[in-house]
Amino acid sequence: MGLDFVGQGAGETDGNIITTTIDKVVNWGRKNSLWPMPFGTACCAIEMMATLASKFDLSRFGSEAIRFSPRQSDLLIVSGRISIKMMPVLKRIYDQMPDPKWVISMGACASCGGVFDTYTLIQGVDQFIPVDVYIPGCPPRPEDLIDAVLQVQQKIASGAAPKGVEVVYE
Amino acid sequence: MNEEKDVEEQPKPLVLEKLEAHHSDALLAQDEARGSVVLVVRKDQAYAVLEYLKTDPELAYTYLVDVTAVDNSQMESELMQFDYARFMVVYHLYSYQGQGRVRVKVPVHENDLRITSVTGLWQGANWLERETYDMFGIDFEGHPDLRRILMPDDFEGHPLRKDYPLRGRGERESFNFDKQNV
Ligand code: SF4
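Chains as they are written, first to last, in our numbering: chain A, 1 to 170; chain B, 1 to 182.
If you are wondering where the hints come from, they were derived from the structure by calculation, not from laboratory data.
Don't be surprised by glycine CBs; every beta carbon is placed ideally from N, CA and C.
Certain hints may be false.
[Said to hold, decoys possible] Some chain A residues close to chain B (C-beta under 10 Å, calculated; not the full set):
{"hint": "1", "residue": "84"}
{"hint": "2", "residue": "85"}
{"hint": "3", "residue": "88"}
{"hint": "4", "residue": "91"}
{"hint": "5", "residue": "113"}
{"hint": "6", "residue": "117"}
{"hint": "7", "residue": "118"}
{"hint": "8", "residue": "122"}
{"hint": "9", "residue": "128"}
Between the sequences and the hints, there should be enough to build the whole structure, so can you do that?
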């Protein structure tokens, strides 16, 4: 983690001083308090609800504080089919979330349209919003969603920028 | 026991008896499918028949279950039977008076897609007719608010028609991001 305890001897400060960098502390905080914005439009949302409920209990990983306001959340979970009428809504919600923000595309439909290769269904939300983690499956099991949240956490801890952020190296 | 014999012995449904007495000229065909009476009714008398089915105290089909349509353009047998009417508007009714279900089908020609709205009889027909308009382009005359209900307002075409391509005409790439009420 980069959080190091300082001191070996018997002094008063032993084990009470931590050296680290601001980035690491901030990322550590972010990673353990992801607030998801659920965007459940179809059957995948049922599995998302199961993930949040007591049996699978996403709160073990610090992500149980579901926010129904995009302005208070930093993890967008797109779970379900997105139609051409819904995509502008999803884009707007994504735009309303404060940076830094991450996106999970849950299930076959959100990731690539799934079996619904029809006139009205978006064939993958990543055409319009940046996606950090994709979950395969129809529907994915709650464990898969938990795994995706953990992958987002790893990404945050590693200091990598969210997919939606353009990083300018100087 | 012989099942066929059973069917034969069943009395004629009351709805058929009464319609033959009161609206015999409106009936184009009749059938029975999955335990419900199926009636095919002339378009110009469809409203009168539906009103009769609803208001007659013995029949009292007070519940409009569904309004939808069928595009028969690739069903040669159906087309021939009803004077090459491309669409069939279908009403599903239910009676709480013990008469059960009845299905009323109305042939609609492609060159005249107008049909009288039944929102005056059942308020619940409002959204059902909007959906039928959205998907098939049937023009319900007298409907208070005949707008698209499922597809975006600026969508062109009627996607449940058989000649509409399954993967659309490029709407997935060119839909409007800004004009929508989001
Ligand atoms: S991927 Fe499967 S479960 Fe998920 S929304 Fe699509 S059809 Fe439903």
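Status of each hint after checking the structure:
1. 84: 4 Å, holds
2. 85: Holds, because the Cβ-Cβ distance from residue 85 of chain A to chain B comes to roughly 5 Å (cut-off 10 Å).
3. 88: Holds: closest Cβ of chain B sits about 5 Å from residue 88 of chain A, inside 10 Å.
4. 91: With Cβ-Cβ at 7 Å, under 10 Å, it holds.
5. 113: Hint holds; residue 113 of chain A Cβ to chain B Cβ min 9 Å, cut 10 Å.
6. 117: 6 Å, holds
7. 118: 6 Å, holds
8. 122: Since the shortest Cβ distance to chain B is 7 Å, the answer is holds.
9. 128: 8 Å, holds
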